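If you read the protein sequences in the order shown, they are chains U and V. Residue numbers for the first sequence, in the working numbering: 104 to 398. Residue numbers for the second sequence, in the working numbering: 760 to 1138.
The set of hints was computed from the structure by calculation and includes no laboratory data. Since the model is a prediction, treat every value here as computed from it, not as a measurement. Quick reminder that beta carbons are idealized off the backbone N, C-alpha and C, glycines included. Treat the hints with caution; some may be incorrect.
[What the hints assert, rightly or not] Pulled from the structure, derived: some chain U residues nowhere near chain V, Cβ distances all over 10 Å:
(1) Phe106
(2) Val176
(3) Arg234
(4) Leu235
(5) Leu237
(6) Ala277
(7) Lys282
(8) Gly283
(9) Leu287
(10) Asp291
(11) Ile358
[Said to hold, decoys possible] Here's a subset of chain U near chain V, in silico, CB distances under 7 Å, partners left out:
(12) Leu198
(13) Leu378
(14) Leu383
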Amino acid sequence: MSFLNNVITGISLGSIYAIIALGYTMVYGIAKMLNFAHGDIIMVGAYMCFFAMGSFNLPPAAGVLLAVVVCTVLGIVIERLAYKPLRSAPSLAVLITAIGVSYLLQNGAQILWGAATKTFTPIVSTAPEARLVLVPGQLSISYVAILSIVCCIVVMIALTLFTGQTKMGKAMRACSEDKGAAQLMGIDVNTTISVTFAIGSALAAIAGVLMCSAYPVLSPTTGSLPGIRAFTAAVFGGIGSIPGALLGGILLGVIETFAKTISTELSDAVVFAVLIIVLLVRPAGLLGKYVPEKV
Amino acid sequence: MKKKLNKNSLNGFINYGIVIAAFIIIQIFIGKGMLSNSLQSLLVPACCYIVMAVSLNLTVGILGELSLGHAGFMSLGAFSGITASILLQNSIPMAPMRLAVSMAAGAAAGALGGVIVGVPVLRLQGDYLAIVTLAFGQIIKNIIMVLYVGVDENGFHIAASSERFDLAAGGTAIIKGPMGAVGVSKLASFTAGFVLILITLLVVQNLVNSRSGRAIMALRDNRIAAESVGINTTKYKLMAFVTSAALAGAAGALFGLNYSSTVASKFDFNTSILVLVFVVLGGLGSIRGSIIAAALLYVLPELLRSFDIAEYRMLIYAIVLILVMLATNNEQFTALMGRVGGWFKAVGGWFKAAGARVVGWLKSLGRTQSKGKGGTTNG
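Here chain U stands alone, though its shape is the one from the complex (with noise of 0.2 Å):
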């Protein structure tokens, strides 16, 4: 029991990664840049969040609109103002950039915040009893599990719905094929990559309050960690590949529940093995297509 027990904790943390490897995988795949700061944005929704239901006394759900609407609008500032200008720079630049731009958050948020870590109140409740008993004192789901999973199925359905049958969806497949020929077909392409980077913010905020609500703990390095989680979960099943995406940050959030359960100190260690084998095995990632070099 405790094997399903653990299988189900590390289902939930899966979707919670999933939801961000998302942010970054669409990222990844249309803007071919590894985008460091998305961590540090679902560390800005979680915060958002926070204060709405601390200090305002909003109700978690106007809460959780308000972190997902400043992080889509800090999404799409950040693209405009750092990643924009680099379009046609080498890859080294922007992914400096985007370190920068992570710091700039992280160090925003201590001193606007402190850096003293706050108790996230869940938005659902976490109480030992506020759990789904499947079998009576053996296997139970809590909630803030139930909640993850579920948002994660919701969120890959709407995103596969998106990507496959609107206007915008089929614009982003096409840019993320081929920039320069999406233009001449008359796609507008900073649209295309704005309204990913708002989709990706915007996933990071819900990702954000998930993730406190099952780990009430809140600083501003909380989102930094999660976010290399995720990243590696996005390589893991293939980086610009949404099922991918799904299957990667599951099969990470599982690992790293059973490499817990035998060393908490390693379990870092043994996520980031798994990704340094799965590279080196597919380079391309579980479900990605290795597209070979054109010269």
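Guided by the hints, dock chain V onto chain U, whose structure is given.
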């Protein structure tokens, strides 16, 4: 016969000159007692960071691959250097000699780490390589955090948890898991740091100006073209990467031996980024830039501590990092900066002209005054 110096070696000699001059000036200051204790305590870490920056520049600026785990090699070097210094306490009683051997051990550990990381990782490219070096940095940190190392009369002990760490009474624990290395004898000295910088410059500059260095830069500029003229990608990438890791290891050993205790969490992602900031702000590929940026950016915040700027330091770094990247990579921004620069020049020219006029006026005034007084003013 007089041999003509080419531009590269001249540049190299200027770098040696700057370092030696800085060392002599600082020594004079120390001798005259003009350097406060807090400033003197910054000298060795500053040397370490200079070596870190120059060695990271070899990977990022010259090889053109972003490494986000440079602190991991520093960590390897620090802990193996500390271990070596404690193990050799009795066999090498002379402190400078033991420091040199410990630094060599640190460099060896760094190089070994570089090979282990480099062989698989350098097959990846771009962002993947960056994220994997980051992952390796984290793995190294996590492993050292749970590592217990000690020595007693039965020999050398190494364990992965405190329960399995059975040290006989009278033995010395060298690394104690999350507590890190404690009770280290501080062997490091500014002179050692200075020598390490010179060695680093010697290694890096000679590598860059050699046939291998040109191959490495060719890989950076165009990998496919370099491969098609027969340059062995893996070999040269590994050469640059391992050299860089070994130098970071030596710097780590010096850093570790400068404090009585060191924890693995000191060498985290933030340290890697800090060194990257030095490299980027100094200029990718510019060794002199790395030296100056590392020295200034390490010492300056400490000097400004009294102005309560410490909490804004990383914020300012972040903004400067973004602006430098935008300024050097965006045409519009560069053009704008050029215009602003031109404007400044125009203003400067105006000031210069105005200043000349004022000076002339003052001079004429002085002359009339001196005429009037009949005295000797120096107009």
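A quick look at each hint next to the structure:
1. No beta-carbon of chain V comes within 10 Å of the beta-carbon of Phe106(U); the shortest separation is about 24 Å.
2. Even its closest Cβ contact with chain V, about 19 Å, leaves Val176(U) beyond 10 Å, as expected for a residue assigned away from the interface.
3. Listed as a non-interface residue, Arg234(U) keeps its Cβ farther than 10 Å from every Cβ of chain V; the least gap is roughly 31 Å.
4. Separation of Leu235(U) from chain V is adequate, the least Cβ-Cβ distance of about 34 Å exceeding the 10 Å criterion.
5. Against the 10 Å criterion, Leu237(U) stays outside the reach of chain V, whose nearest CB is about 34 Å from its own CB.
6. The Cβ of Ala277(U) lies farther than 10 Å from every Cβ of chain V, with a closest approach of about 22 Å, so its non-interface assignment holds.
7. Against the 10 Å criterion, Lys282(U) stays outside the reach of chain V, whose nearest CB is about 17 Å from its own CB.
8. A cut-off of 10 Å between C-beta atoms confirms that Gly283(U) is not in contact with chain V; the least separation is 18 Å.
9. Non-interface call for Leu287(U) relative to chain V: holds, since the shortest CB-CB distance, roughly 22 Å, exceeds 10 Å.
10. Listed as a non-interface residue, Asp291(U) keeps its Cβ farther than 10 Å from every Cβ of chain V; the least gap is roughly 19 Å.
11. With a least CB separation of 14 Å from chain V, Ile358(U) remains clear of the 10 Å interface cut-off, as annotated.
12. The interface hint given for Leu198(U) holds, since its Cβ lies 6 Å from the closest Cβ of chain V, which is under the 7 Å cut-off.
13. For Leu378(U), the shortest C-beta to C-beta distance to chain V is roughly 6 Å, which falls under 7 Å, so the interface hint holds.
14. Because the smallest distance between the Cβ of Leu383(U) and any Cβ of chain V comes to about 5 Å, under 7 Å, the interface hint for this residue holds.
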